[in-house]
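K.L.:
What follows is each chain in one-letter form.
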Amino acid sequence: DTPRHQGMAKNTNMRWRLPLVCLLWELAMIVLFGVFVRFGAEADAHWEEEKQEMNLTSDIENDFYFRYPSFQDVHVMIFVGFGFLMTFLKRYGFGAVGFNFLLAAFGIQWALLMQGWFHSFKDGKILIGVENLINADFCVGSVCIAFGAILGKTSPIQLLVMTLFQVTLFSVNEYILLNLLHVKDAGGSMTIHTFGAYFGLTVTRILYRPNLEQSKDKQGSVYHSDLFAMIGTLYLWMYWPSFNSAISDHGDAQHRSAINTYCSLAACVLTTMAFSSMLQKKGKLDMVHIQNATLAGGVAVGTSAEMMLTPYGSLIVGSISGIVSTVGYVYFTPFLESRLHIQDTCGIHNLHAMPGLIGGIVGAITAAAATEDVYGKEGFIKAFDFTGVYQTRTPSIQGGFQAAGIVVSLLMAFVGGAIVGGILKLPIWGDAAAENCFEDGIYWEV
Amino acid sequence: DTPRHQGMAKNTNMRWRLPLVCLLWELAMIVLFGVFVRFGAEADAHWEEEKQEMNLTSDIENDFYFRYPSFQDVHVMIFVGFGFLMTFLKRYGFGAVGFNFLLAAFGIQWALLMQGWFHSFKDGKILIGVENLINADFCVGSVCIAFGAILGKTSPIQLLVMTLFQVTLFSVNEYILLNLLHVKDAGGSMTIHTFGAYFGLTVTRILYRPNLEQSKDKQGSVYHSDLFAMIGTLYLWMYWPSFNSAISDHGDAQHRSAINTYCSLAACVLTTMAFSSMLQKKGKLDMVHIQNATLAGGVAVGTSAEMMLTPYGSLIVGSISGIVSTVGYVYFTPFLESRLHIQDTCGIHNLHAMPGLIGGIVGAITAAAATEDVYGKEGFIKAFDFTGVYQTRTPSIQGGFQAAGIVVSLLMAFVGGAIVGGILKLPIWGDAAAENCFEDGIYWEV
Amino acid sequence: DTPRHQGMAKNTNMRWRLPLVCLLWELAMIVLFGVFVRFGAEADAHWEEEKQEMNLTSDIENDFYFRYPSFQDVHVMIFVGFGFLMTFLKRYGFGAVGFNFLLAAFGIQWALLMQGWFHSFKDGKILIGVENLINADFCVGSVCIAFGAILGKTSPIQLLVMTLFQVTLFSVNEYILLNLLHVKDAGGSMTIHTFGAYFGLTVTRILYRPNLEQSKDKQGSVYHSDLFAMIGTLYLWMYWPSFNSAISDHGDAQHRSAINTYCSLAACVLTTMAFSSMLQKKGKLDMVHIQNATLAGGVAVGTSAEMMLTPYGSLIVGSISGIVSTVGYVYFTPFLESRLHIQDTCGIHNLHAMPGLIGGIVGAITAAAATEDVYGKEGFIKAFDFTGVYQTRTPSIQGGFQAAGIVVSLLMAFVGGAIVGGILKLPIWGDAAAENCFEDGIYWEV
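Protein chains in written order, with UniProt numbering: chain A, 1 to 446; chain L, 1 to 446; chain X, 1 to 446.
These are calculated hints, taken from the structure and not from any lab test.
Certain hints may be false.
Since the list gives no way to pick out one identical chain from another, each pair is judged satisfied if it fits inside one copy or across any two copies.
As the list claims (entries may be wrong) - Subject to a maximum C-alpha distance of 20 Å in a straight line, what follows is the list of computed PhoX-like cross-link-like pairs (lysine-lysine): (1) K377 <-> K51; (2) K382 <-> K51; (3) K216 <-> K10; (4) K10 <-> K281; (5) K218 <-> K10; (6) K282 <-> K10; (7) K90 <-> K216.
Work the whole structure out from these sequences, hints included.
P.N.:
Below you can see the structure in the form of structure tokens.
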């Protein structure tokens with residue numbers, strides 16, 4: 001079994017704490033789902049009648065067929081993508097993929113409720129369909145990101161507590177951005193990446209462990225663990241066009257989002273490889289960069305992919321984000337740890353925080369630069385939903401609100417992260433001592 | 001090479017037996033396909049004319065677009081899902097993924113014929129389309145399940161023989177349930193899981209090896225093999241909503257099946273983690289449970305997912321099945337082995353048999369509780385196909401038939417499994433001695 | 001670090017060369033995309049107006065919904081399929097999956113341009129949509145194939161140079177076949193496999209390394225690397241029906257392509273297993289065959305899958321290709337190396353070259369055998385696009401042109417491969433000495 005220094009011994013036995021939290025919370029989910037959640041019109045057996053009322057001639061008009069393939073791709077990103085991306089640590093593969101599985105499985109239930117109350121609430125019921133499933137996965141994506149910062153240093157109970165709070169804050173922030181500021185963010189540069197990453201970085205700052213070098217030998221990868229991590233990388237990379245297009249408007253918007261993301265990601269690989277080689281003395285490539293910075297291109301077009309960013313615009317954004325992210329791994333991560341006491345296990349600052357900010361800014365600029373000429377008269381209104389009270393909003397005002405969305409997301413992340421970090425610091429959650437971090441043997445039968 | 005005890009030596013050389021079986025059977029497939037199998041209307045080049053006759057205005061009405069994404073997800077579950085789930089054994093990864101590949105590739109061909117004769121036969125020809133491909137994959141799924149019970153203890157020839165018979169029996173059982181009893185079972189709780197699992201358990205009972213402890217050291221996992229197995233787990237878990245919705249009616253039924261399954265699986269993860277920790281002295285999690293019991297929620301809504309089970313109903317079913325399955329791994333599996341001489345390598349009793357029974361029962365109850373109020377007048381008739389001779393069937397009678405479906409599946413599994421087990425016991429199939437079980441070196445160049 | 005014989009020392013330091021190539025080429029992409037690439041009508045925000053002009057009543061008519069699920073499957077095949085298939089080498093997993101990632105990410109950008117100029121050029125702009133993304137992935141597939149021949153023996157810079165030229169030649173060859181010869185080749189037996197494989201074999205012949213036995217100990221696999229490779233195999237195998245149907249005509253053609261490919265691949269597994277066992281002295285199976293020859297069935301129906309090949313025809317083609325491919329691994333590969341000095345790391349001659357030729361021939365025969373009776377009057381014209389100047393083309397003439405397509409592809413591969421091989425032989429690209437081949441330590445921080 002795992003040796004512990006006598007003075008540092010912490011009680012990591014989860015025998016009653018973890019089951020209690022899991023079972024009580026699942027019971028709460030059942031009760032809340034029982035009270036609130038019902039099938040939306042397109043998933044309800046009354047759909048036959050609905051179709052007639054809406055004059056739909058074919059079942060293919062059901063939203064299921066517009067979004068289900070993308071939903072499954074997003075689902076793979078959350079569970080295999082994030083899960084395996086984090087298996088790079090030599091002795092924390094079970095924790096990476098297993099705890100990610102646990103927190104995401106809880107998170108999607110809680111997100112269905114939280115987002116449902118804000119967005120799908122009608123006559124006292126939350127009505128769900130495939131778009132809700134995608135949004136729940138998205139919301140949990142922000143928790144998976146934050147998990148990356150504290151990977152290996154927290155107990156599963158802490159992760160569940162963080163998920164509970166982060167999903168709640170995510171939903172509030174999302175409501176402010178999408179409903180109050182009327183901001184576009186289909187791929188979540190702001191709501192998912194900026195918020196999720198800065199939230200996680202704040203939490204890990206609060207949970208700063210001064211003695212973490214005691215487990216330094218376990219913080220690296222081995223040959224095979226790097227290959228497992230590449231499974232995660234590639235699934236995230238390949239399916240990111242689905243991520244950014246999953247909840248875009250039917251038709252051209254979904255189509256365009258996928259193309260922009262495809263282009264941005266392709267460019268990002270080239271600049272990542274270039275800088276990875278350039279910044280190493282012997283010109284060798286570093287798997288850490290390939291596993292992570294190649295994905296920055298997906299993050300950085302998260303807001304603008306459904307806009308008329310254009311393929312060459314996407315190449316530019318992808319190129320820049322790959323450079324920023326790789327440089328971040330080489331220079332910023334050590335700086336953050338040594339100077340700011342931010343211990344960021346997976347380097348989410350480079351993969352999600354900075355590219356997320358780029359994404360928000362690119363989105364604001366792209367929105368501000370929109371013209372009726374480029375979008376067409378109807379396309380312009382549809383793309384930015386300039387109807388009802390927003391009928392008079394101009395592109396430059398929209399750009400301003402987009403920028404405000406970044407600021408709100410940052411504030412929510414810092415304040416929320418600080419509070420949740422404080423809660424997670426309580427000595428009751430069963431986290432391990434510094435010398436036992438990054439070690440599956442603590443929480444798993446190995 | 002692998003050492004063998006002199007007295008126990010068995011001839012495991014497959015040099016002529018395996019090629020002979022593979023080639024003759026493939027030849028038989030070619031002949032039978034030549035005589036019987038043709039493209040269905042939607043895959044035939046006459047579709048242009050068909051469209052006009054059916055007054056279809058768009059190619060998108062082709063069933064291909066309703067089902068192909070789900071088909072591919074199911075395909076991944078059968079080949080990567082089941083294949084990698086079984087790679088957990090430290091020295092049987094080639095056999096797990098390779099033999100699963102072999103039996104499934106043969107099985108889908110034979111299933112296209114067997115199911116075709118029962119369900120797609122017209123004017124002397126079997127007319128196939130994407131739904132047939134899904135059904136063939138489903139049928140083979142039941143063989144993959146049974147393979148889990150005998151994993152590591154049988155030769156590839158035995159597996160092919162078992163596949164031949166099990167696909168046949170599956171198709172007969174399926175015909176009795178779907179056509180004679182007019183039972184609903186889109187996700188196959190009864191036809192796939194209950195039948196497949198009890199069939200496999202009966203076979204492994206007949207093939208009982210009293211000296212299996214001689215290969216005990218190889219029956220466990222190593223760190224990396226557990227991560228490979230998690231690839232299988234996650235793909236099964238993520239794509240199970242596609243599995244349960246793949247052959248449901250177009251529109252709301254497919255949509256609803258996916259949502260119910262998503263909910264059930266999410267809840268199942270929480271209760272599995274809870275009980276895995278609770279039942280271990282130090283509260284540590286066991287990868288065996290995480291790899292398997294987390295999937296029980298998908299099995300347990302296999303019959304009812306397309307009904308109006310509701311999201312909270314799904315959470316309840318998923319929660320219960322996770323508990324039952326985990327408890328099964330801790331208490332039932334050792335009991336089955338020591339008392340009943342049922343050696344169940346992968347614990348399919350916990351993952352498929354018990355959750356399959358739960359699924360059948362939940363399906364019967366959900367059907368019996370159906371009302372026109374909940375389904376809508378048209379939805380009610382459509383959901384249970386209460387047309388033609390079944391026009392007068394009431395929900396409670398339907399519930400009774402559903403229950404009868406469970407009993408028939410069990411009988412078919414026990415009787416069929418006993419007969420096929422007897423055939424597989426013949427000393428001509430090249431299986432290994434007890435001390436050489438769970439060892440790739442017997443059948444593979446390593 | 002890696003030891004090197006003094007006399008053989010080569011400069012493999014890529015510190016300035018690789019970054020320079022990556023950054024300059026990415027810059028070129030940005031400029032060319034800026035000048036030429038725009039969204040096609042279905043991805044442009046003007047789609048709302050387009051819909052009205054084309055009298056489309058639903059967004060579901062957008063090509064995105066017909067092709068996006070298949071696109072994602074193809075995408076997985078290129079990046080995970082080919083990438084992981086090549087991880088079988090014990091010490092070259094990073095290079096396999098990482099360099100494949102690099103060359104494909106560059107290749108798809110260049111392919112969008114090259115193929116765009118030939119096929120999607122309108123009023124000075126290349127208009128792209130989801131079909132262009134699929135075609136770019138297809139084009140890069142041929143580079144991944146060629147990479148298989150030189151795996152472990154080339155620097156990433158050489159791979160990028162090869163990609164630049166091969167994508168160019170691919171596009172020219174594709175234009176000759178599809179536009180000038182009016183040949184059908186939706187799954188690319190000729191354009192992707194025959195061309196890609198013979199191109200790669202010619203390149204590796206030119207780059208012949210007489211002292212390669214110095215790194216012989218690293219040319220094999222280890223237990224775990226073979227399992228990683230099986231991930232690649234299975235994803236290629238499962239998604240091949242999507243590959244062959246991805247750009248077929250909407251409706252029956254896509255549907256039929258998927259069915260034919262599914263059948264061919266299933267049969268191929270059986271004959272591969274048979275011959276793998278038969279050709280080994282003790283009847284044991286060889287993972288090399290299972291990983292590769294099982295896929296030959298997908299290659300061999302690449303041209304004919306969208307035609308009325310029929311399911312039993314597919315079984316025959318799949319059966320034959322599995323045999324040819326397995327026999328190739330046992331007898332041809334050693335012969336090619338010792339006699340013809342063709343060092344083919346992954347055996348692409350067996351997996352792509354020979355099955356590709358079979359595919360071209362089967363396509364020619366199937367086209368020549370087409371009748372209005374089998375296809376229906378309209379289906380016949382639609383299947384072979386016998387409109388406009390091709391209105392009078394008969395099936396037998398079409399068969400002749402199909403055969404000509406094989407010859408053109410071969411010529412282009414041999415001539416192009418020889419030229420590109422010559423360029424790659426220049427001593428400026430940073431390739432490793434023979435004793436350092438198949439070793440990640442040369443180009444990666446390990």
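K.L.:
Does each hint fit the structure? Answer for all of them.
P.N.:
Evaluation of the provided hints:
1. K377 <-> K51: between (30 Å within a copy, 14 Å between copies)
2. K382 <-> K51: between (24 Å within a copy, 14 Å between copies)
3. K216 <-> K10: within (19 Å within a copy, 35 Å between copies)
4. K10 <-> K281: between (41 Å within a copy, 17 Å between copies)
5. K218 <-> K10: For K218 and K10, the Cα distance is within 20 Å only inside one copy (19 Å; across copies 35 Å).
6. K282 <-> K10: between (43 Å within a copy, 14 Å between copies)
7. K90 <-> K216: This pair counts as within: shortest intra-copy Cα distance 11 Å, inter-copy 27 Å.
In the structure shown, no violation is registered for any of the earlier numbered hints.
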